[in-house]
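Enquirer: Sequence:
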Amino acid sequence: MMTGLPGDTDESCIETAKKIIDLAPNGVRIYPTVIVRDTVLCDMWRAGTYKEHTVEDAVRVCSKIVPLFNEAGIPIIRMGLNPTEDLSGGDALGGAYHPALGELVHSRIMLEKARGLLAGVKPGSRVVLGVNRSDVSKMIGQHRCNVHALVSEFSLRELKIHEASVKSGEISIVSLD
Numbered sequence: 000m001m002t003g004l005p006g007d008t009d010e011s012c013i014e015t016a017k018k019i020i021d022l023a024p025n026g027v028r029i030y031p032t033v034i035v036r037d038t039v040l041c042d043m044w045r046a047g048t049y050k051e052h053t054v055e056d057a058v059r060v061c062s063k064i065v066p067l068f069n070e071a072g073i074p075i076i077r078m079g080l081n082p083t084e085d086l087s088g089g090d091a092l093g094g095a096y097h098p099a100l101g102e103l104v105h106s107r108i109m110l111e112k113a114r115g116l117l118a119g120v121k122p123g124s125r126v127v128l129g130v131n132r133s134d135v136s137k138m139i140g141q142h143r144c145n146v147h148a149l150v151s152e153f154s155l156r157e158l159k160i161h162e163a164s165v166k167s168g169e170i171s172i173v174s175l176d
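Going by numbering that gives the first Met the number 0, 75 is the number at position 76 of the sequence shown; the sequence numbering is gapless.
By construction, these hints were calculated from the structure, which means they are not laboratory data. Treat the hints with care, as some may be off.
Unchecked claim - Under the rule of at most 27 Å between Cα atoms (straight-line distance), these lysine-lysine pairs were calculated in the DSSO-like manner:
1) Lys17 - Lys121
2) Lys63 - Lys50
3) Lys63 - Lys159
4) Lys17 - Lys63
5) Lys121 - Lys50
6) Lys159 - Lys112
7) Lys18 - Lys112
8) Lys166 - Lys17
9) Lys50 - Lys17
10) Lys18 - Lys50
11) Lys63 - Lys166
12) Lys112 - Lys166
13) Lys63 - Lys18
14) Lys159 - Lys121
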């Protein structure tokens, strides 16, 4: 599945994901559109007839469609293009190219789950969230972005992330004061 193609919206990508799920594939690959040098899409982009999806756009839409595939039991084989010398060396001119796109998407999914869990927590609280060992870095986020976002959004005095005996993808409040 490609996201961010000309004319795509978050809603159209979600609908495409649902149609793919209806086909019951054994697995799916999710490739956000990347503008590669010397392609028709590159020409459209340069002419201003195609507005690229940024990495942030790709993370936003993929964080909405990944749970749909997970709930349907369809494994996601790959998310984002493999880093190659050509892409890393300058052939990727725009679009949603990031070597750790999958990690960014899973981190956003954890952030959204934490937001739901923390709704109603009193400002000034100290919170310890528990996550599966495999999810600690995803919950913290790159450069602690999820921790900073949650502390700011919920006016928390402190937020810590600890390993807990929960399933991968789940979050629990270990302590709250």
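Enquirer: So which of the earlier hints does this model not fit?
Expert: Violated hints: 1, 5; rest satisfied.
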